[in-house]
Amino acid sequence: MSVIADPIIDPKRALRAARIAEFKSFARRFARNPLGMVGLIIVIALLVCAALAPILATHDPYLPALSDRLAAPGAEYWFGADELGRDIYSRIIFGSRLTLLIVALVIVTSAPVGLVIGAIAGNYGGWVDRIFMRITDVFLAIPKLLLALAFVAALGPGIVNAALAITLTAWPPYARLARAEALIVRNSDYVNAIRLAGASDFHIIVYHIMPMCLSSVIVRMTFDMAGIILTAAGLGFIGLGAQPPLPEWGAMISTGRKFIFDQWWVATVPGFAIFIVSLGFNLLGDAMRDLLDPHLRQRR
Amino acid sequence: MIQVDHLTVNFGPSVAVRDVSFSVTQGESFGLVGESGSGKSTILRTIMGLNPDWSGSIKIDGQDTKSTSRTDLARRAQMVFQDPYASLHPRYVIGQAIAEPMRINKLPDPEKRTVELLDLIGLPGQFRFRFPHELSGGQRQRVAIARALALNPKILLLDEPTSALDVSIQAEILNLLNQLRRELNLTFVIVSHDLAVISYMCDRLMVMRNAEAVETLSREQLRSRDIAQSYTRELIAAS
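Protein sequences, first through last, are from chains A and B. The opening residue of the first sequence carries number 658 in the working numbering; numbering runs sequentially from there. The opening residue of the second sequence carries number 5 in the working numbering; numbering runs sequentially from there.
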């Protein structure tokens with residue numbers, strides 16, 4: 658305690674100390690969940706792979722070596738080589754960048770859109786709520802992959818278009834979630850109190866309702882990442898996502914399909930990568946939900 | 005100070021308050037008492053503009069609340085809520101919660117005034133950096149009172165200010181409120197189902213039942229049992 662500066666003299670530091678203490682207690686509770694830690698380690702490993710791809714890779718992921726076509730896993734090619742003799746291990750490592758890029762693009766665009774729409778709908782209620790939520794329902798009613806397919810087909814294949822297409826189908830659940838939270842929060846006494854102090858609707862939505870929706874949204878986000886990876890891989894598999902020669906995992910499975918009986922590693926290794934990463938995000942999401950979900954968490 | 009005339013509040017088809025009138029003078033402490041569902045909290049919320057569907061007239065400081073802006077109203081009257089566990093934002097440290105009304109209304113020097121307010125309600129300045137879940141119920145209610153006082157209102161509306169608290173803490177909060185009323189020359193309207201609280205705190209009280217006012221008594225009338233209505237007698241006998 659003696660380390661903490663006198664809060665009267667240094668309010669900024671004391672405030673930071675209070676926030677850090679809060680975060681530490683969160684981290685401690687998280688560490689108690691072993692499966693959550695496994696998920697976190699997988700996700701961190703993915704981040705490390707993406708960040709250090711040039712160092713971790715043993716070969717150039719784009720350089721064909723036709724003499725080593727479809728080489729079996731061994732000392733030279735750890736996970737084997739594909740039909741152009743490219744090292745599958747290096748392609749998986751570089752592919753993690755594409756996976757993360759798509760996930761990040763989708764999350765950065767869909768979660769805030771959903772959060773804002775949901776918070777506004779929940780805060781105002783009435784006809785604003787009705788209009789926003791019916792629009793949301795329309796998007797929810799269309800099958801995810803189908804809408805993404807149609808969108809990519811219209812805009813042309815590619816990573817950014819695939820991400821946009823997934824976004825189009827990914828935001829409605831966030832809006833639903835945020836609205837449900839906002840409906841509870843807007844009638845709570847602390848929002849009433851600040852409304853009585855003369856706060857504008859904008860102030861209430863941004864500083865009071867949205868922070869309370871955030872934990873549900875973060876939980877949903879972590880779960881969604883697994884789904885986004887699968888959808889992106891699906892689009893890659895049918896040739897509407899990342900285009901060759903990009904080492905996107907779904908596209909890699911697609912090319913490996915031709916050799917699945919004789920050279921199983923070409924399709925299996927990227928499939929395994931997708932499986933591990935999705936599992937990691939799911940485990941992480943589970944652990945986050947246990948800690949953050951306001952409906953599971955008892956009042957402290 | 006507060007003038008309520010023929011107030012009727014509807015919640016959809018049902019009537020929560022029917023044709024209630026009363027007035028509170030400057031510096032007075034006025035009590036609203038009655039069983040739950042009798043409409044007493046609804047009156048407070050309606051005065052503060054939290055219920056949209058009402059008729060009649062409410063004047064605060066001589067000004068009609070319907071034509072007064074919310075920020076203007078905020079500086080005249082503030083409210084303290086019943087449940088101190090629900091009335092503080094769980095993600096805000098205490099200092100932020102108290103300073104926020106001042107920031108919204110662009111009052112000068114909110115940091116300094118937050119410390120002064122904490123001192124006023126009897127909490128040390130370090131509490132500014134605690135989260136609500138680190139505080140006891142009584143401490144939270146003190147913080148809620150400090151937040152209500154942040155804009156220097158002349159009127160404080162108290163909605164069952166002690167009913168969510170331990171009996172031992174109740175007296176502390178009530179004494180604090182009485183002391184604040186003397187020091188800051190405040191006008192109180194207190195809602196409670198507890199006649200003991202009302203008779204301790206209030207100069208005058210109004211008894212309510214089934215959305216209607218039964219009668220208005222002074223503290224002396226209550227003490228000397230000078231009561232006209234049988235329902236009021238029952239209420240006193242029950243407490």
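Worth flagging that the hints you see were computed from the coordinates, not collected in a lab. Keep in mind that a hint or two might mislead.
Said to hold, decoys possible - Straight-line Cα separation of at most 20 Å, EDC-like style, residue types lysine to aspartate or glutamate; simulated pairs:
no. : chain 1 : residue 1 : chain 2 : residue 2
1   : B       : LYS158    : B       : GLU32
2   : B       : LYS158    : B       : ASP65
3   : A       : LYS681    : B       : ASP76
4   : A       : LYS681    : A       : ASP947
5   : B       : LYS63     : B       : ASP23
6   : B       : LYS70     : B       : ASP23
7   : B       : LYS110    : A       : GLU740
8   : B       : LYS70     : A       : ASP858
9   : A       : LYS669    : B       : ASP113
10  : B       : LYS63     : B       : GLU32
11  : B       : LYS158    : B       : ASP198
12  : B       : LYS158    : B       : ASP23
13  : B       : LYS110    : B       : ASP68
14  : A       : LYS669    : B       : GLU120
15  : A       : LYS915    : A       : GLU733
16  : B       : LYS158    : B       : ASP207
17  : A       : LYS669    : B       : GLU115
18  : B       : LYS110    : B       : GLU120
These are the hints, each one checked on the structure:
{"no.": "1", "hint": "B/LYS158 with B/GLU32", "result": "holds, 11 Å"}
{"no.": "2", "hint": "B/LYS158 with B/ASP65", "result": "holds, 9 Å"}
{"no.": "3", "hint": "A/LYS681 with B/ASP76", "result": "violated, 42 Å"}
{"no.": "4", "hint": "A/LYS681 with A/ASP947", "result": "holds, 17 Å"}
{"no.": "5", "hint": "B/LYS63 with B/ASP23", "result": "holds, 15 Å"}
{"no.": "6", "hint": "B/LYS70 with B/ASP23", "result": "holds, 18 Å"}
{"no.": "7", "hint": "B/LYS110 with A/GLU740", "result": "violated, 68 Å"}
{"no.": "8", "hint": "B/LYS70 with A/ASP858", "result": "holds, 19 Å"}
{"no.": "9", "hint": "A/LYS669 with B/ASP113", "result": "holds, 15 Å"}
{"no.": "10", "hint": "B/LYS63 with B/GLU32", "result": "holds, 16 Å"}
{"no.": "11", "hint": "B/LYS158 with B/ASP198", "result": "violated, 25 Å"}
{"no.": "12", "hint": "B/LYS158 with B/ASP23", "result": "violated, 26 Å"}
{"no.": "13", "hint": "B/LYS110 with B/ASP68", "result": "violated, 24 Å"}
{"no.": "14", "hint": "A/LYS669 with B/GLU120", "result": "holds, 18 Å"}
{"no.": "15", "hint": "A/LYS915 with A/GLU733", "result": "violated, 23 Å"}
{"no.": "16", "hint": "B/LYS158 with B/ASP207", "result": "holds, 17 Å"}
{"no.": "17", "hint": "A/LYS669 with B/GLU115", "result": "holds, 11 Å"}
{"no.": "18", "hint": "B/LYS110 with B/GLU120", "result": "holds, 17 Å"}
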